[in-house]
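Student: These are the residues of each chain, in order.
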Amino acid sequence: MAEETNAATGGAADAARGAADAAQGPGMPQLDFSTYANQIFWLLVTLVVLYFVLSRIALPRIAAILAERKGTITNDLAAAEDLKAKAAEAEEAYNKALADARAEAHKIIADAKAEIQADLDEATEKADAEIAAKAAESEKRIEEIRASAMESVKEVARDTAQEVVSALGFKADEKAVTDAVDKRLKG
Amino acid sequence: MEGDIAQLGQYIGAGLAGIGSGAAAIGVGHVAGNFLAGALRNPSAAGGQTATLFIGIAFAEALGIFSFLVALLLMFAV
Amino acid sequence: MEFHPMDQFIVTPLFGDGPVGMFTITNVTLWMALTVIAVVALLVLGTSKRATVPGHMQSVAELAYGFVYKMVEDVAGKDGVKFFPYIMTLFLFIVFANFLGLVPTAFTVTSHIAVTGVLALMVFLTVTVLGFVKNGAKFLELFWVSSAPLALRPVLAVIELISYFVRPVSHSVRLMGNMMAGHAVMKVFAGFSQVAVIAPVSILAVTAMYGLEVLVAFIQAYVFTILTCVYLKDALHPSH
Numbered sequence: 558m559a560e561e562t563n564a565a566t567g568g569a570a571d572a573a574r575g576a577a578d579a580a581q582g583p584g585m586p587q588l589d590f591s592t593y594a595n596q597i598f599w600l601l602v603t604l605v606v607l608y609f610v611l612s613r614i615a616l617p618r619i620a621a622i623l624a625e626r627k628g629t630i631t632n633d634l635a636a637a638e639d640l641k642a643k644a645a646e647a648e649e650a651y652n653k654a655l656a657d658a659r660a661e662a663h664k665i666i667a668d669a670k671a672e673i674q675a676d677l678d679e680a681t682e683k684a685d686a687e688i689a690a691k692a693a694e695s696e697k698r699i700e701e702i703r704a705s706a707m708e709s710v711k712e713v714a715r716d717t718a719q720e721v722v723s724a725l726g727f728k729a730d731e732k733a734v735t736d737a738v739d740k741r742l743k744g
Numbered sequence: 070m071e072g073d074i075a076q077l078g079q080y081i082g083a084g085l086a087g088i089g090s091g092a093a094a095i096g097v098g099h100v101a102g103n104f105l106a107g108a109l110r111n112p113s114a115a116g117g118q119t120a121t122l123f124i125g126i127a128f129a130e131a132l133g134i135f136s137f138l139v140a141l142l143l144m145f146a147v
Numbered sequence: 328m329e330f331h332p333m334d335q336f337i338v339t340p341l342f343g344d345g346p347v348g349m350f351t352i353t354n355v356t357l358w359m360a361l362t363v364i365a366v367v368a369l370l371v372l373g374t375s376k377r378a379t380v381p382g383h384m385q386s387v388a389e390l391a392y393g394f395v396y397k398m399v400e401d402v403a404g405k406d407g408v409k410f411f412p413y414i415m416t417l418f419l420f421i422v423f424a425n426f427l428g429l430v431p432t433a434f435t436v437t438s439h440i441a442v443t444g445v446l447a448l449m450v451f452l453t454v455t456v457l458g459f460v461k462n463g464a465k466f467l468e469l470f471w472v473s474s475a476p477l478a479l480r481p482v483l484a485v486i487e488l489i490s491y492f493v494r495p496v497s498h499s500v501r502l503m504g505n506m507m508a509g510h511a512v513m514k515v516f517a518g519f520s521q522v523a524v525i526a527p528v529s530i531l532a533v534t535a536m537y538g539l540e541v542l543v544a545f546i547q548a549y550v551f552t553i554l555t556c557v558y559l560k561d562a563l564h565p566s567h
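Chains as they are written, first to last, in the numbering used here: chain D, 558 to 744; chain P, 70 to 147; chain F, 328 to 567.
Some hints could be false.
[Claimed, not checked] DSBU-like cross-link-like pairs, simulated, lysine-lysine; straight-line CA separation at most 30 Å:
id	chain 1	residue 1	chain 2	residue 2
1	D	K627	F	K461
2	D	K627	F	K514
3	F	K461	F	K405
4	F	K405	D	K627
5	F	K397	D	K627
If you're looking for bench data, these hints aren't it; they were derived computationally from the structure.
Go ahead and model the full structure; you've got the sequences and the hints to work with.
Tutor: Here's what the structure looks like:
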């Protein structure tokens with residue numbers, strides 16, 4: 558029985574127990590109630606020491622380390638996010654600059670085109686005007702030539718008529734001949 | 070062979086109690102096997118149930134340990 | 328046999344041969360002190376650098392912290408977190424006592440029912456008191472299975488009540504039994520190695536048992552801790 562074991566292991570018998578009576582069996586040391594007070598006392602001491610070491614020093618420290626690491630990681634992530642946003646902004650600015658440049662180029666091209674067109678138009682107009690002037694002059698000259706030719710024809714006709722009249726033996730009235738010729742030419 | 074009949078009874082009892090360890094082994098194997106079968110059917114849910122697995126194994130094994138303890142008590146303490 | 332398998336569990340004074348009194352310095356004292364030293368070395372000295380990128384020791388310390396913290400949070404819930412230091416203490420004490428007990432010639436403090444019984448009773452009393460303080464009489468709903476048919480409930484209540492009071496027994500005996508059984512079996516196999524014919528087999532068996540015991544040492548600490556969390560959850564949220 559447990560009591561027997563207890564009695565056998567208590568006091569002086571404790572020291573005597575050894576290899577000699579091991580063959581008989583020491584019983585279960587777990588049921589040796591004389592050692593319970595000792596074990597429980599030292600267990601409580603151990604637990605109290607451990608609890609204070611853990612709750613005062615170790616656990617807050619580890620919690621702080623983990624929190625710090627989490628903070629660092631969060632910060633780094635935030636910084637990365639920031640940089641990413643900045644990169645996106647830069648890209649946007651670049652795209653905008655590109656678009657501006659393109660628009661500028663288009664504008665310049667359009668301007669140049671317009672200028673050239675204007676020059677061209679002007680030149681064309683000028684040329685047209687010149688041509689028109691020349692044409693007018695030519696016409697005028699042709700008119701003049703025609704007029705002088707008419708005059709010549711009139712003169713020749715008058716002279717011829719006078720000659721014909723005088724050859725026929727009549728006294729030619731210069732004024733009448735001229736009127737008749739004019740009348741005839743006007744026809 | 071001069072031991073008394075009580076000692077005989079103790080030793081026979083201890084041996085019989087030892088059978089309980091084998092029974093607990095069957096129980097533990099059952100728990101683990103069924104867990105594995107379920108885990109293979111639905112592996113995504115298995116991870117969250119390891120705690121339950123260990124609790125189940127612990128309960129099954131505790132009874133085997135009890136029988137082992139009975140055997141030891143019979144051998145050494147009675 | 329020249330040694331008895333149970334000899335390794337005898338509590339003896341470290342100095343002299345006197346009787347084991349309450350304050351005698353015994354092998355229990357020695358191995359508990361070593362447990363404390365190991366815990367302090369890992370969790371206090373290991374983290375003394377407070378490195379953002381952890382070294383080996385600090386990684387293990389953080390791993391242990393995260394492991395138990397997650398267990399408490401997952402099983403006992405958010406309001407169980409304030410008991411985290413207590414549960415961490417239990418876990419670290421048991422796991423280190425178990426591992427140190429595996430050192431050859433060591434004394435395993437967790438193989439004694441006096442030690443595990445106190446641990447389990449502490450959990451039991453804490454949980455019971457906490458349950459009544461937090462929930463008052465509603466804590467008794469734990470025994471009243473409202474999802475069962477009305478006729479069955481009184482029977483179930485009796486069963487639940489018994490199982491509630493068996494908790495500290497199974498809680499402590501499981502740990503103590505596992506530790507003692509493994510060590511005793513190893514000693515038995517070691518005893519067989521005195522016989523030359525079966526010595527190789529027995530040494531192989533001791534090696535295999537040792538490997539199993541390393542696993543068991545951790546699993547039993549884990550199981551003790553997670554059951555503590557489960558009991559804590561019952562106390563904090565008694566309704567089924």
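Student: Evaluate each hint against the coordinates.
Tutor: How the hints compare with the structure:
1. Distance hint between D:K627 and F:K461 is unfulfilled; the C-alpha atoms sit about 33 Å from each other, more than 30 Å.
2. Restraint check for D:K627 and F:K514: the C-alpha separation of about 48 Å exceeds 30 Å, so the hint is violated.
3. For the hint pairing F:K461 with F:K405, the CA-to-CA distance comes to about 15 Å; that is within 30 Å, so the pair holds.
4. For the hint pairing F:K405 with D:K627, the CA-to-CA distance comes to about 20 Å; that is within 30 Å, so the pair holds.
5. Distance restraint check for F:K397 and D:K627: the Cα-Cα separation of roughly 16 Å lies within the 30 Å cut-off, and the hinted pair is therefore satisfied.
The structure shown violates the earlier hints numbered 1 and 2.
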